[in-house]
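Protein chains in written order, with numbering that gives the first Met the number 0: chain E, 0 to 228; chain V, 0 to 615.
Read the hints as simulated data drawn from the structure, not as lab findings.
The C-beta atom is built at its ideal place from N, Cα and C for all residues, glycine as well.
Among the clues, some could well be false.
To be verified - Label pairs and their in silico Cβ distance ranges:
(1) V/Arg334 to E/Glu139: 56 to 66 Å
(2) V/Gly227 to E/Gln198: 36 to 46 Å
(3) E/Ala54 to V/Ser468: 44 to 54 Å
As the list claims (entries may be wrong) - Where chain E lies over chain V, by a calculated footprint (3+ residues, C-beta under 8 Å):
(4) 245–254
(5) 300–314
As the list claims (entries may be wrong) - Pulled from the structure, derived: some chain E residues nowhere near chain V, Cβ distances all over 12 Å:
(6) Met0
(7) Asp19
(8) Glu25
(9) Arg30
(10) Ala52
(11) Glu60
(12) Gly95
(13) Glu96
(14) Ala106
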Amino acid sequence: MRVRLCFTKGPGVRFISHLDLMRTFERALRRAALPLALTQGYHPRPKLTFASALALGATSEAEYLDVELASPVQLGDAIHRLNDVLPDDLRVTAAGEVPAAARPLMAIVDTAAYELRPLWPLDDGKWERLQSALADLLQEKTVLVERTTKSGTRQVNLRPLILRAEVAGDEINMLVRSGSRGNVRPDELLTLLGEEPTQWHIHRVGLFIAREGRLSSPMEEAGVVVDGS
Amino acid sequence: METALHTEVLPAVSRPARYLGNEYNSIRKDWAKVPLKMALAFPDVYDVGMGHLGLKILYHIVNQRQDALAERVFAPWTDMEEQLIRRDLPLFSLESHRPLRDFHLIGFTLQYELSYSNILNMLHLAGIPPRARDRDEGHPIIIAGGPCAYNPEPLADFIDLFAIGEGEYVIDELIDLALGLLHRGRLPREEFLLEAARKIQGIYVPAFYDVEYHPDGRVASISPNREGVPPRVRKQVVPDLDRAPYPDAFVVPYIDAIHDRATLEVFRGCTRGCRFCQAGMIYRPVREREASTLLRQADELIRNTGYEELALSSLSTGDYTCIEDLAADLMSRYRDQGIALSLPSLRVDSFKGELAEEIRKMRKTNLTFAPEAGTQRLRDVINKNITEEDLLRGVEEAFAAGWDSVKLYFMLGLPTETEEDVLGIIDLANKVLDVARRHRQGPRVKVSVSVSSFVPKSHTPFQWEPQASMEVLEERQRLLTQGIKGRRIQLSWHDVRTSFLEGVFARGDRRVGRALARAVELGCRFDGWSEHFSFPKWTQAFQECGLDPTFYANRRREYEEVLPWSHIDAGVTKGFLMREHKRALEGQPTGDCRVEECPGCGVCTRLGVANRIVGD
Numbered sequence: 000m001r002v003r004l005c006f007t008k009g010p011g012v013r014f015i016s017h018l019d020l021m022r023t024f025e026r027a028l029r030r031a032a033l034p035l036a037l038t039q040g041y042h043p044r045p046k047l048t049f050a051s052a053l054a055l056g057a058t059s060e061a062e063y064l065d066v067e068l069a070s071p072v073q074l075g076d077a078i079h080r081l082n083d084v085l086p087d088d089l090r091v092t093a094a095g096e097v098p099a100a101a102r103p104l105m106a107i108v109d110t111a112a113y114e115l116r117p118l119w120p121l122d123d124g125k126w127e128r129l130q131s132a133l134a135d136l137l138q139e140k141t142v143l144v145e146r147t148t149k150s151g152t153r154q155v156n157l158r159p160l161i162l163r164a165e166v167a168g169d170e171i172n173m174l175v176r177s178g179s180r181g182n183v184r185p186d187e188l189l190t191l192l193g194e195e196p197t198q199w200h201i202h203r204v205g206l207f208i209a210r211e212g213r214l215s216s217p218m219e220e221a222g223v224v225v226d227g228s
Numbered sequence: 000m001e002t003a004l005h006t007e008v009l010p011a012v013s014r015p016a017r018y019l020g021n022e023y024n025s026i027r028k029d030w031a032k033v034p035l036k037m038a039l040a041f042p043d044v045y046d047v048g049m050g051h052l053g054l055k056i057l058y059h060i061v062n063q064r065q066d067a068l069a070e071r072v073f074a075p076w077t078d079m080e081e082q083l084i085r086r087d088l089p090l091f092s093l094e095s096h097r098p099l100r101d102f103h104l105i106g107f108t109l110q111y112e113l114s115y116s117n118i119l120n121m122l123h124l125a126g127i128p129p130r131a132r133d134r135d136e137g138h139p140i141i142i143a144g145g146p147c148a149y150n151p152e153p154l155a156d157f158i159d160l161f162a163i164g165e166g167e168y169v170i171d172e173l174i175d176l177a178l179g180l181l182h183r184g185r186l187p188r189e190e191f192l193l194e195a196a197r198k199i200q201g202i203y204v205p206a207f208y209d210v211e212y213h214p215d216g217r218v219a220s221i222s223p224n225r226e227g228v229p230p231r232v233r234k235q236v237v238p239d240l241d242r243a244p245y246p247d248a249f250v251v252p253y254i255d256a257i258h259d260r261a262t263l264e265v266f267r268g269c270t271r272g273c274r275f276c277q278a279g280m281i282y283r284p285v286r287e288r289e290a291s292t293l294l295r296q297a298d299e300l301i302r303n304t305g306y307e308e309l310a311l312s313s314l315s316t317g318d319y320t321c322i323e324d325l326a327a328d329l330m331s332r333y334r335d336q337g338i339a340l341s342l343p344s345l346r347v348d349s350f351k352g353e354l355a356e357e358i359r360k361m362r363k364t365n366l367t368f369a370p371e372a373g374t375q376r377l378r379d380v381i382n383k384n385i386t387e388e389d390l391l392r393g394v395e396e397a398f399a400a401g402w403d404s405v406k407l408y409f410m411l412g413l414p415t416e417t418e419e420d421v422l423g424i425i426d427l428a429n430k431v432l433d434v435a436r437r438h439r440q441g442p443r444v445k446v447s448v449s450v451s452s453f454v455p456k457s458h459t460p461f462q463w464e465p466q467a468s469m470e471v472l473e474e475r476q477r478l479l480t481q482g483i484k485g486r487r488i489q490l491s492w493h494d495v496r497t498s499f500l501e502g503v504f505a506r507g508d509r510r511v512g513r514a515l516a517r518a519v520e521l522g523c524r525f526d527g528w529s530e531h532f533s534f535p536k537w538t539q540a541f542q543e544c545g546l547d548p549t550f551y552a553n554r555r556r557e558y559e560e561v562l563p564w565s566h567i568d569a570g571v572t573k574g575f576l577m578r579e580h581k582r583a584l585e586g587q588p589t590g591d592c593r594v595e596e597c598p599g600c601g602v603c604t605r606l607g608v609a610n611r612i613v614g615d
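Construct all of the structure, not just a fragment, from the sequences and the given hints.
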């Protein structure tokens, strides 16, 4: 049985890395005594796949992971058992069964929505300046940023990957491509706007699959979805 | 504090999850409702300290109480230290993020001499005067315990109170005493220290002892300067581990810490009697846990932590009486859940038969054998009763079972060591490689040879021996590098300068503390980390304090000399250590008292605690 979980990552755990998060879930699943399916070989591991890594320091209200179980479980019960043994600021909010043949989460999730809020109130006029800087940025055809990976430094054009970005009240909302076929990191956008990213709180509002002109939630693939709240 | 931490400090440091304090199973109590507050301090970075079993045990014991709380603190990594200094923030505890100086008691564990500079640095960062004499009623009582407390003198100026021996019961006694004296939230310092020194076994308050010196620098006498304080402080031992408190849950770190796993302590103590080994002397007698207790503890720990690995820990796990049955039981219980069993500290001679069979089913992780010395003669000197045949048979089993590589652990600079003994290491490594090649092919076949430098420790038969000089050690390291041919044998060794410094503190007296304080002023900390270790600063510190470090490390002591730790009673008698020292020089091995005759170390009779072997 393949179960898709939707979970939140709150402020108390925003400084744990993606790798740490994966380990934390593996151990929580074991504490919850769910019937985990294991990989073969000398290092049997639970079969977990996450949708997308969240930047260190960011919070989220909708992250996703798929876990393979060796035998069927009652979804509502699984949510409760997990939430009983997860660290305080990780909460499973929904669970659903997905077909065994469903494509891996990281291959289908391609869009992310973020809210960016400054840690401190901005000076007078700052929001207006940000608004016009953002408008200027969106006018451009190419917005180049440098990315350093193990294989070297390369330039990436972010512009086509930014679907929407706007100042709304005292926050910036953005909808961007996310995943293996193109990715915009919120801190890159803040840097382009002349802001220090560590002085902003980055909150991921959702991860989506863009399909036929609309955004669908990864939970839509699951047959029955049980709400954990 | 909290706002600054989350908005400014944590985003600016590496691995910020080290400092969150809200890990699963961490315990956060209501500060206002708990009268006594204790911080448990580990003088190294979180990643290292979280693996320490003693810390988990004490955290559990204190937090089980309604009237006390324990919170953790580790040495902040250098980037965090920089943030604390720049923002003028005090060093804080993990759970409640409170300044350390708000606690009544701060207990440091002393696992390693090269972490001493971190203790002083942590006190400094906490805004607590590092020297005990500069502290007053408003400051926490600074406590220390652990194996290095058996020679407490280098830290005598900085620590208010040492707990000698095992901590399970003494921590409750100290907290009870503190609670009785607590007045309007304040702990009267002098009264607490005096009562503890007078009434609690194993408590050593250095301020209550005067040390006098001969003109040549040797200690002349150590004597109490208060009435009712014991002239010799005898260690505490836990008589029965099955009744001793043990955590049913460990704090589960977010980050990848060392020994991040469920650990069972199968027994404490070791009576093999290796003459270089301080742990083998100070943790006597041997006390095994019943298999039923261990199975229950394994169950609780796995259920409450979700760990994927269960380790059987002790000084020599293969010596546990029912090791085969226990390992088989645990493996059959947890294999289906994907939980691996690991057995660190296995002796070569226990790697055989059923146990090897069990290990065969385990993960092919590192397999380390410790012959310690290259020739039989030298192994007889150090009483490491392992023959070349034992070793070759052990590695044969390993390679036949599918391992591609083994690690061999040796020491350089052991008493009476000659060039021949050093060349014996090469010879042995080559023989092991030959065995490997008979069983395994391919590029991964490898023998790792790890060579450390011997550091004579207090309370061992070699406590009178000089440590080999840095020049001699380097010469012998060269001999090894030149003698090892081919890429299949990989040699690694320790920096002789860190071993030298370790040797100075291992047998130093009170005056060494002056150099320690000076070195910390000069910026020394994290001395166990090669990227932070600065030998020139240490040399400068000793020079400025008018101390010759070779006096402590490289000098032979007479039996009659008053050793700086002679007022600390580890249970074994001086007579036994002298006999063992003489037998060492004669190359006479001594048997294990569990199976052979009693060599008369004195522990059982003097402490009234006997070896406790399950099934007996």
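- So which hints don't hold here, by number, going up? 2, 7, 8 and 9
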